[in-house]
Amino acid sequence: MAISVVIADDQEMVRTGFRMILESQPDIEVVADVVDGEAALAAVEEHDPDVLLLDIRMPKVDGLEVTRRLSALAAAHPDRAQRPRIVIVTTFDLDEYVHTALRNGASGFLLKDASPAMLVEAVHAAAVGDSLISPAITVRLLRDMAPAGAPPAARRPSEPLTDREADVVRCLARGATNAEIAAELFVSLSTVKTHLANVQLKLDARNRVEIAAWAWESGLATGGT
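Numbering (this note's numbering), first residue to last: 816 to 1040.
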């Protein structure tokens, strides 16, 4: 089955370019492209896509509000698969946008100057419940999520992380891929995936972005426990 995608962006050239890139892939189908957030919500209702590529600054309803509404809808229906997975693709590298989008449940955040290969990779990652963020902003934005002073006591994992799980999460918080984590820790790729799956359950996190954000918020990324 092809990965179904809706593109929402108020610039026609952007929509056309994204469509050309994605439809060059044999396993991706663009089912709609729309010009604003209101139309994006309608397209999601009509097509039930796997992935929504979403700009932030759009008429009527902006991308951050679309993300919030769709995440709230998914939370209200936990018996259903979370669809669509949202990937923000924007020109604006502003921390407040990134933080809000990820906290509201976006699965990825790319800048519009990202390569075609990265755009395709982000769609593939989102479709399987993973995430991808432009490397240029990954570590900076996650580091900036860390609070000043002592880490907060809130949001503790349901069970303590093992030492190896903590090692994996520290690597993840620095922006490392699964393959890079495996190489650094001298473990297999499947072992890394298993550790991340266990951590995700312990934190009740939606994706690896939330795990990394928690690592910075809790102080684990900077050596805390």
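Hints are computed from structural coordinates only; laboratory data are not their basis.
In this text the structure is predicted, and so the values were computed from the model without any measurement.
C-beta: ideal position from N, C-alpha, C; glycine also.
One or more hints might be untrue.
Stated by the list, open to error - With beta-carbon atoms standing in for the labels, derived distance ranges:
1) Ala857 - Thr1009: 36 to 44 Å
2) Glu974 - Met828: 19 to 27 Å
3) Glu827 - Thr1006: 43 to 51 Å
4) Ala857 - His892: 13 to 21 Å
5) Met835 - Leu926: 16 to 24 Å
6) Gly1034 - Asp825: 33 to 41 Å
7) Ala998 - Ser930: 20 to 28 Å
8) Met816 - Leu926: 25 to 33 Å
9) Gly1038 - Pro931: 36 to 44 Å
10) His892 - Asp978: 32 to 40 Å
11) Leu926 - Ser1005: 39 to 47 Å
12) Asp978 - Met828: 18 to 26 Å
13) Ser930 - Pro841: 18 to 26 Å
Checked hints:
no.: 1; hint: Ala857 - Thr1009: 36 to 44 Å; in the structure: 40 Å, holds
no.: 2; hint: Glu974 - Met828: 19 to 27 Å; in the structure: 49 Å, violated
no.: 3; hint: Glu827 - Thr1006: 43 to 51 Å; in the structure: 46 Å, holds
no.: 4; hint: Ala857 - His892: 13 to 21 Å; in the structure: 18 Å, holds
no.: 5; hint: Met835 - Leu926: 16 to 24 Å; in the structure: 19 Å, holds
no.: 6; hint: Gly1034 - Asp825: 33 to 41 Å; in the structure: 40 Å, holds
no.: 7; hint: Ala998 - Ser930: 20 to 28 Å; in the structure: 23 Å, holds
no.: 8; hint: Met816 - Leu926: 25 to 33 Å; in the structure: 29 Å, holds
no.: 9; hint: Gly1038 - Pro931: 36 to 44 Å; in the structure: 38 Å, holds
no.: 10; hint: His892 - Asp978: 32 to 40 Å; in the structure: 37 Å, holds
no.: 11; hint: Leu926 - Ser1005: 39 to 47 Å; in the structure: 31 Å, violated
no.: 12; hint: Asp978 - Met828: 18 to 26 Å; in the structure: 50 Å, violated
no.: 13; hint: Ser930 - Pro841: 18 to 26 Å; in the structure: 19 Å, holds
The structure is inconsistent with the numbered hints 2, 11 and 12, although it conforms to all the rest.
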